[in-house]
Amino acid sequence: MFEVKYQPTPGWQKMMFEFQRQHPIAALTRAFGLIRGNLVTILVFLVVGAQREEFPFLWWIGGGFLLLLIIGIAGWWRFLYRIEEGELQIKSGIFVRKNLFLTKDRIQVIDISSGVIQRIFGLVKVDIQTAGSTSRAASLEAVTKSKANEINRILRRNGSEKLEEFEQETDQNNRKIFSLPGKDLIIAASTSGRFGIALSILGTLFSQVEPLISDSEIFEFFFEMLPSQTDTFLVFSIIIVFVVVAWLISFFSTLLMYGDFNVEVKDDELVISRGIFEKKRITIPYKRIQAIYVNEGLLRQPLGYGSVHLESAGYGDDKGTGSIVLFPLISQAKISKLLHEILPSYDITINGYRPPVRAARRYIFRSAFLLTVVTAGLYWLLFSSNWIWLLSILSIGWGWLKYKDAAVAWNKDTLILRNRTLSKSTSIVKRDRIQDVSISESWIQRFRNLCTLQVYVASGDHGKSFVVQDMEREEVFELLKELQKNNYSLKTDGLINERPIPRVKIPAWPEQNPALSST
Amino acid sequence: MNKRSFHKLTPRSIRAWQWGSAFGNLFFFGLPVAYGAVFGVDNFHLWIVSAIAGIVFTYWLLSIVWIPYLRWKYWRYSVDENEIDLIRGVLIRTETLIPINRVQHVDTRQGPLLRWYNLSTVTISTAATTHEIPALDTVIADRVRSQISTHARLAEDDV
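These protein sequence lines map, in sequence, to chains A and B.
Last residue of the first sequence: number 519 in my numbering, and the count goes up by one each step with no gaps.
Last residue of the second sequence: number 159 in my numbering, and the count goes up by one each step with no gaps.
There could be a bad hint or two in this list.
What the hints assert, rightly or not - Here's a subset of chain B near chain A, in silico, CB distances under 10 Å, partners left out:
id, residue
1, Asn82
2, Glu83
3, Asp85
4, Leu86
5, Val90
6, Thr94
7, Thr96
8, Leu97
9, Pro99
10, Arg102
11, Thr126
12, Ala127
13, Ala128
14, Thr129
15, His131
As the list claims (entries may be wrong) - Just the calculated beta-carbon pair ranges, DEER-fashion:
id, chain 1, residue 1, chain 2, residue 2, range
16, A, Ala74, B, Glu132, 33 to 43 Å
17, A, Val467, B, Phe6, 23 to 33 Å
18, B, Ile48, A, Pro510, 52 to 62 Å
19, B, Phe6, A, Asp413, 28 to 38 Å
20, B, Phe29, A, Leu370, 20 to 30 Å
21, A, Val40, B, Glu132, 30 to 40 Å
22, A, Val467, B, Phe23, 30 to 40 Å
23, B, Phe23, A, Glu474, 41 to 51 Å
Worth flagging that the hints you see were computed from the coordinates, not collected in a lab.
Just so it is clear, CB atoms sit at the ideal spot from N, CA and C, and this is done for glycine as well.
From just these sequences and the hints, can you work out the full model?
Here it is as structure tokens:
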């Protein structure tokens, strides 16, 4: 079927048009990938395994790793690829064979990155995205750099034969690079909201280690050492230790994740690269960007910082969501400038609406109710300290903040929604990117003439919704009518009504103070 | 703006939903049974068990007698060359607009219960969400499906 022209090559090295395996290290990366993907299952197994007396703990771990390694090796053995006449052909699958043929015209983006394992052995990983809506279409886990360059050269769009060196591309024109300064990285790491993840990891670890510790003499020794042995004191000190350790974990994991952060602006795509040990490189064509949102976390907002994210259709991170961090930390005064440089059409401030005053109590009730119930439960079960009621007072303030930050604004091509769960989030959606719009009213809302607006955009394999609750009914229906009138597209046939009472301007990033902009 | 014509679902859908919830909601009777199995049914717990059972029974009865009718009463949909408009919901009323050029694909499907009543569900998928028009007469459902796909094709040619 295929006409093969042989050229003299070293015996071990195969030409691109012959079926070949990846570098053997791919077996290892696959095994680690399996571990990372099934971490929860593995943990559960370990917990179960640790209960049994006859199976030592180490046997479980060793056996499990061996099994994964065998799977990895089998997967590597059964994975064959080649490039034939501008078409990437992959055969994979241990038992069920899968044939994947990708033609050059369908390939949109080729990402070359390297994880920890790849870096140790001087290899790279090649990810290939197509125009379709599915996430990463094909990936070669471990190949040598020269091979990756060859693949890139052959499969590059437009069939340009121009040789592009990995990470040293020659065309310097029309490119801008934004990187994260070290000071901002430290702030980002110390205020990152990765607490929750760190806490849950700690909790799992603690539940494993706890029986070992409590039997040992060290624990009793510590008990003797502690000055006052009231239960509340013990509980609080444990909580404080947990929080500090969790903070340290989140600090360093963020440092590693966003170290060496760069956004590179090209003619038709953005390239985001980040990571210290594990290099990640994501390429996003502009036409895939569905929405931009800016998060101002509870710790970051008072300091005047936020993070910028984008929603991309199709391709995102490994979990299949399309949310990508466009900039992990930026001072609010610079957001407008950054957006102007990267995505000018998203740098926009328009007049909009806030929920009416009568909605405030609904916001407060919603936040306070659940927390108060939880607090009451805690009060009854654990603590008898009245200080815990502070939580439910805080929740009232939280509800008020939620009310204060909710807003909607739109003009002829953009819709901006602002809301708060814990962090304040401002989403900017282009109207021709809206997938669908829902307006819902519960019977209490109907009674108060309020409604909830929900807008969906495509993101990853699924969608992502932006919600603003308890808006004035007439205003939202006016928005709906405008959307209908122009058929959700940018083709406007007539003027948009100027609304008489602009209640709020959003997002209205603070102006950059020239005195401070020197940094 | 042109006036749009809304359609209601086929009245037979009430019957189908009644049977559906009559069997489907039997599951909730597991709650009092489970509670009784865990805590026993002596004096204090007996009250709780019977209270749960009472609530479940009332809900079960309502879900047969009244809720399917209300659901049918508030459901309406409209399809034209620009968009699909779905209005539904008993307690929480929701209106959803789907621009027709965002529709990726439309299917009709039919479970055994709907087949018995000769009904079908139309499923509309966009890149972000999936919506359905439940329980239309099979002939109408097929018509709606082909209508949507025709409009969607034309809209795509536009762009």
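Results of checking the hints against the structure:
no. : hint                              : in the structure
1   : Asn82                             : holds, 5 Å
2   : Glu83                             : holds, 7 Å
3   : Asp85                             : holds, 9 Å
4   : Leu86                             : holds, 9 Å
5   : Val90                             : holds, 9 Å
6   : Thr94                             : holds, 4 Å
7   : Thr96                             : holds, 4 Å
8   : Leu97                             : holds, 5 Å
9   : Pro99                             : holds, 4 Å
10  : Arg102                            : holds, 5 Å
11  : Thr126                            : holds, 4 Å
12  : Ala127                            : holds, 4 Å
13  : Ala128                            : holds, 2 Å
14  : Thr129                            : holds, 5 Å
15  : His131                            : holds, 7 Å
16  : A:Ala74 with B:Glu132: 33 to 43 Å : holds, 42 Å
17  : A:Val467 with B:Phe6: 23 to 33 Å  : holds, 26 Å
18  : B:Ile48 with A:Pro510: 52 to 62 Å : holds, 56 Å
19  : B:Phe6 with A:Asp413: 28 to 38 Å  : holds, 29 Å
20  : B:Phe29 with A:Leu370: 20 to 30 Å : holds, 28 Å
21  : A:Val40 with B:Glu132: 30 to 40 Å : holds, 32 Å
22  : A:Val467 with B:Phe23: 30 to 40 Å : holds, 34 Å
23  : B:Phe23 with A:Glu474: 41 to 51 Å : holds, 43 Å
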